[in-house]
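J.: What follows is the residue order along each chain.
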Amino acid sequence: MSEPPGVVCRECPDRVFANVRGDSGDLRLRRAVAQVAGLDLPREPGTWNRADRSRAYWLGPDEWLLVVEGDDGLALEERLRDALDGPFSVADVTGAQVQLELSGPDAGKVLQKSSPYDFHPRKFPPGRCAQTVFSKTTALVAAREDGAFDVVFRRSYADYLMRWLADAAAEYGYRLE
Amino acid sequence: MGGEVRRLAAGGRIDRDQALDFVFNGRALRGFAGDTLASALLANGVDVVGRSFKYGRPRGIVGHGPEEPNAIVEVGTGASRVPNLRATQVELYNGLEARSAGSSVFQRAAGAFGRLLPAGFYYKTFMSSPRAWMAWERVLRHAAGFGNAPDAADPDTYDRMNRHCDVLVIGGGPAGLSAALEAAGWGARVLLADEQSEFGGSLLAETRALGGESAAAWLAGVLAELDASGNVELLPRSMVSGYYDHNFLTIVERRSDHLGPVSAAATRERLHRVRAEQVVLATGAIERPLVFANNDLPGVMLASSVSTYVNRYAVAPGNKLLLFTTNDHGYRTALDWHRIGREVVAIVDVREDPAGAWVESAKASGIDVIGAHAIIEAVGHSRVSGAAIAPLQGNTLVGAPRRLACDLIACSGGWNPTLHLGSQTGVKPRWSESAIAFLPGDLGVGTLCAGAVAGTPALRGCLEQGALAGATAASRAGFGSGRTTRAAPEVDEPPEMPARSLFLVPHPKPVSRAPKQFVDFQLDVTAADIELAAREGYESVEHVKRYTALGFGTDQGKLGNVNGVAILAEALGKDMAEVGTTMYRPSYTPTTFGAIAGRDVGGFFDPERHTPMHGWHTAEGAEWEDVGRWKRPWYYPRPGETMQQAVNRECLAARDGLAIMDASTLGKIDIQGADAAEFLDRIYTTGFRKLGIGRCRYGLMLHEDGTIFDDGVTARLGEDRYLMHTTTGNAEVVFAWLERWHQTEWPELSVYFTSVTDHWATAALVGPKSRTVLAKVCTDIDLTGGAFPFMAVREGHVAGVPARVFRISFSGELSFEVNVPAQHGRAVWDALIDAGAEFDITPYGTETMHVLRAEKGFIIVGQDTDGSTTPADMGMDWAVRRNKPFGFLGDRSLDLSDHLREDRPQLVGLASYDAKTVLPEGGQLVDDPERQPPAPIAGHVTSSYYSARLSRPIALGMVKRGAGRMGETVYCPLADGRVVKASIVDSVFYDPKGERQNV
Amino acid sequence: MFRIHCPHCQEVRSEEEFSYAGEAHIPRPADPSSLSDAEWGEYLHTRTNPRGPHREMWVHTAGCRRYFNVLRDTVSYEILAVYRVGEMPPERGEA
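Protein chains in written order, with numbering that gives the first Met the number 0: chain A, 0 to 176; chain F, 0 to 998; chain W, 0 to 94.
Warning: the hint list may mix true and false statements.
Okay, derived cross-link-like pairs now, EDC-like style, lysine to aspartate or glutamate, Cα gap no bigger than 16 Å in a straight line [to be verified]: (1) F/Lys883 - W/Glu15; (2) A/Lys135 - W/Glu14; (3) F/Lys980 - F/Asp926; (4) F/Lys630 - A/Asp158; (5) A/Lys135 - F/Glu747; (6) A/Lys135 - F/Glu619; (7) A/Lys108 - F/Glu232; (8) A/Lys135 - F/Glu731; (9) F/Lys630 - F/Glu640; (10) F/Lys768 - F/Asp674; (11) F/Lys883 - F/Asp674; (12) A/Lys135 - F/Glu607; (13) A/Lys135 - F/Asp605; (14) A/Lys135 - W/Glu15; (15) A/Lys122 - W/Asp30; (16) A/Lys108 - F/Asp829.
What the hints contain is simulated information worked out from the structure, not anything from laboratory work.
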């Protein structure tokens with residue numbers, strides 16, 4: 000098939016994930032994360048920030064997912080714990096997560112088949128993220144500047160969701176990288 | 000057969016260059032692209048398309064859309080056969096095969112049989128004598144329904160898609176198109192859905208000009224504009240099937256039916272799940288038939304349908320037309336008929352003195368207009384050959400009937416707005432005397448109605464009203480001022496004079512003796528049936544519906560309902576508003592199971608969760624048990640082994656040597672914060688404040704009513720950090736439970752929870768050899784009993800990977816539960832298997848886990864407990880600390896008088912006397928085996944297994960006052976008549992002092 | 000299918016993302032041990048079950064996992080207000 004696929008799915012290995020919880024108004028928390036991951040925790044609901052190798056996704060009013068490329072999960076947790084001083088929680092959840100990048104002109108249609116959330120660019124421009132129902136489980140979806148989507152879901156659902164995505168995208172042409 | 004005998008030489012929207020061959024009831028026929036099955040059948044002169052349900056009378060095509068009651072067909076063959084389709088909605092394709100539905104022997108023979116089935120037949124026959132149902136059921140089940148379900152799996156695929164829009168416009172006719180144009184013009188995201196293959200609605204059969212151009216040209220222009228606008232999505236072939244709460248709607252899109260019988264490459268149907276800020280109902284109206292004697296003869300049609308077949312499909316479904324009307328709108332059909340050069344026998348107008356532009360126009364064309372008359376009876380055998388007409392004054396016949404020869408009767412009894420979707424939201428339609436119609440009720444601020452559905456008769460009015468609705472909807476959704484931005488096109492449309500109402504045409508004989516006057520064609524409900532129901536005391540329209548079956552067909556009474564209501568109202572001496580309509584429910588037209596199921600079939604029906612070691616288990620040939628959504632190894636049979644043999648082997652390995660289990664599915668929650676201990680104290684029955692760092696404690700979680708809902712071991716990892724284990728099936732419930740209490744009752748406690756279930760892979764290394772083997776791959780933890788005691792946790796490395804090792808045991812044996820981040824789970828598992836090879840390491844599954852724990856009397860919450868079980872019932876007071884400062888959830892309920900009752904069921908062990916019979920789980924226990932049922936129940940068996948270690952069966956059960964009945968005998972009657980005798984024993988069968996795990 | 004505004008995500012989301020969590024404003028008694036069986040039973044089991052506006056708790060299960068309160072009409076299913084835990088429903092007129 001010479002035609003470019005409508006949906007391209009790329010697995011993103013080499014990422015570590017930390018779940019961070021605390022009062023979003025607490026400067027100590029923000030400074031600690033800035034020091035360790037080089038970015039500000041997003042305070043606006045449903046948004047995400049990125050720095051060179053890190054991203055921080057808003058999960059709830061006191062909860063974020065921190066994603067860092069090319070790090071060690073336990074070491075990241077330790078560095079954060081060392082930098083944090085106060086009523087905060089940090090847990091390495093690298094083992095719990097799988098991250099994909101969905102791109103291609105029909106990536107949005109695959110999301111529409113999978114989730115009741117409104118991914119239209121008017122409502123979900125780059126910089127937005129949402130935890131939502133995804134097929135019969137849940138996922139975190141984030142809109143990127145390049146028009147692609149980051150999708151993060153639980154590892155135990157990986158086999159199921161990879162089959163689901165391939166099936167949902169089949170009619171548009173699907174490539175897994 | 001003469002081919003397309005009724006096809007006009009020119010005109011229509013069909014593509015005459017694309018002839019299509021099809022087969023109907025075994026006859027090879029031909030039509031054109033653009034035809035429906037109905038228009039092609041009419042073109043071929045097929046008059047009779049089915050037999051009536053109850054009386055076996057011949058029936059022909061009446062309508063041209065979803066209202067069609069008679070032309071119900073089955074399309075396709077074998078697995079892809081689709082029953083219950085309306086021929087008026089089936090797009091023709093080359094090779095289409097269709098059959099009339101319901102052509103059972105019963106229905107063909109039903110002519111004589113029908114009089115055995117009066118109104119209320121089911122009720123009268125089966126309420127008085129339920130036994131009659133036994134005799135009748137087979138016959139009736141066979142006769143009921145319209146077609147046969149395929150008996151092979153559906154080869155097609157279906158799916159679902161979620162959609163969001165600012166404005167959903169339902170119906171692509173003049174009002175809907177105008178609404179979409181305006182809403183899109185203001186920048187709103189618009190979704191326009193129409194059930195037909197082409198947008199346009201009534202414009203597809205319109206002969207007048209719009210704004211100086213043909214209707215077709217205007218339509219093409221509008222569609223091009225919508226297509227180019229960028230914020231409009233057009234969904235043709237899309238039936239809005241349901242209108243639910245909060246502007247959630249479902250749309251069934253037919254994606255491949257028009258292409259052929261099976262289209263494996265594409266999705267056959269797609270269910271769109273739409274969430275709309277605003278909804279514009281532009282669903283139009285369906286013409287109301289007239290109820291007169293023998294009005295079900297083939298050749299009696301709706302006037303608008305005759306016009307549609309003529310103008311859109313270039314089919315003249317007859318030669319000599321007699322028009323029967325109550326209004327000016329119907330005159331169009333006579334004029335259309337005249338325009339194609341066919342004979343209009345006459346216009347029979349029930350109005351006293353028909354006058355006005357339309358009447359003049361007909362007369363100017365030389366058409367005979369007979370005012371103050373009605374068609375009282377259609378004449379003919381399998382097709383209309385004439386009609387009896389009689390003078391009418393009010394609702395009374397005032398003269399002798401005379402006969403007119405004709406072969407087609409077009410009826411216009413006014414219009415029924417297509418208000419079904421509005422009605423689905425629960426808003427009752429309201430009767431309008433001026434519109435002579437039920438109109439949608441007050442649908443609220445999220446819904447607008449425009450065009451014929453709102454009772455607007457004229458085309459120009461529909462265009463204007465649609466535009467205004469579109470602008471208003473956009474404005475309510477936050478786009479624009481609500482003003483329309485463009486003028487509706489001018490339409491050369493003479494004004495209409497008032498219509499009159501006529502719901503039942505009188506006959507010289509009384510209704511009960513006149514030839515049948517059909518109200519509901521599909522279920523053969525006549526005017527006499529409705530009057531009978533009224534005479535027998537039925538007053539509510541909903542009761543009459545169920546008694547007579549009016550509106551109970553797959554068409555939900557789209558044609559018959561309003562006439563039926565009017566006849567009922569007349570019989571009851573009430574007005575229309577008082578009687579009201581029946582409730583319309585989703586789906587608007589029948590929906591396939593495939594569309595509802597979507598992709599949730601086969602492997603997608605229920606998601607599977609896999610642990611990191613899933614591939615290893617698969618390669619080892621594990622049999623699976625589903626626990627929640629997890630796939631867990633059940634047991635690992637070796638070649639030739641039975642399940643029992645495999646489980647026996649696995650159990651003995653764990654007890655005597657070395658075994659390993661994948662325990663990754665256990666729920667795990669990371670709990671951090673200065674108040675974590677206080678929080679756990681409130682959640683669990685046990686205390687956590689004084690638990691040392693690196694130590695573990697078992698706890699019970701209770702509902703506020705004192706019943707057990709989860710249990711597990713929680714470890715203290717640091718000063719302010721704990722790791723909670725939950726049961727596999729309850730992980731998410733417990734996580735939400737913790738959040739709920741923290742967020743809603745105790746926000747002042749500084750504590751945070753993170754689910755880490757998926758983060759950790761867990762291998763439970765079990766058996767006397769487990770310490771020796773773990774030591775081979777774990778060198779930085781002192782594994783000796785003194786340094787690493789039972790109920791402790793240590794951090795270190797296993798197989799080079801950072802690990803947490805717990806000395807906890809659900810088997811009663813020496814056991815190390817090795818936890819590593821899931822990405823390393825498989826590698827560490829493999830390393831443990833390698834290290835254990837010298838001791839013949841044996842993987843075991845959930846069945847062996849159950850046997851091992853039952854031997855130890857360890858309970859499984861949800862198996863040994865139910866929703867009424869307290870800790871005391873389980874003999875677990877040792878796990879409850881009543882003196883904590885705050886208490887704990889459920890604490891107070893433990894003192895409720897009912898929970899202190901002495902005759903509560905209590906956990907016991909059960910040993911069958913013969914030491915051979917495994918009691919059935921769920922088996923009821925009685926004290927007196929001789930007593931005939933219903934015998935008082937002493938208790939029941941909750942867990943039961945064969946114990947290889949003890950060489951006999953063991954069981955746990957709940958027995959009333961069981962704790963005080965040690966040594967007594969109970970009996971378990973089996974379904975096959977045997978009775979198993981068992982003695983009540985202690986619930987711990989093996990190593991009662993717990994010495995084996997504590998070494 | 001409801002559409003519910005989550006006061007934490009500050010967006011309207013679809014019902015699939017939420018779970019119902021019972022009637023709202025039923026505080027846990029401060030000292031359960033001081034209550035009679037009947038009083039404690041009242042807290043455990045008695046609910047208002049009104050026809051009309053009902054104060055209820057929902058949780059954004061698939062989203063931010065926050066509990067919050069909803070004032071919902073049990074006849075029309077209209078959601079009249081959404082407010083956070085610890086807050087009271089806005090005063091309503093007779094409308």
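J.: Does each hint fit the structure? Answer for all of them.
T.: Verification of the hints:
no. : hint                : result
1   : F/Lys883 - W/Glu15  : violated, 39 Å
2   : A/Lys135 - W/Glu14  : holds, 14 Å
3   : F/Lys980 - F/Asp926 : holds, 10 Å
4   : F/Lys630 - A/Asp158 : holds, 12 Å
5   : A/Lys135 - F/Glu747 : violated, 35 Å
6   : A/Lys135 - F/Glu619 : violated, 29 Å
7   : A/Lys108 - F/Glu232 : holds, 13 Å
8   : A/Lys135 - F/Glu731 : holds, 15 Å
9   : F/Lys630 - F/Glu640 : violated, 22 Å
10  : F/Lys768 - F/Asp674 : violated, 40 Å
11  : F/Lys883 - F/Asp674 : holds, 15 Å
12  : A/Lys135 - F/Glu607 : holds, 10 Å
13  : A/Lys135 - F/Asp605 : holds, 8 Å
14  : A/Lys135 - W/Glu15  : holds, 10 Å
15  : A/Lys122 - W/Asp30  : violated, 48 Å
16  : A/Lys108 - F/Asp829 : violated, 40 Å
When held up to the earlier numbered hints, the structure conflicts with 1, 5, 6, 9, 10, 15 and 16 and fits the remainder.
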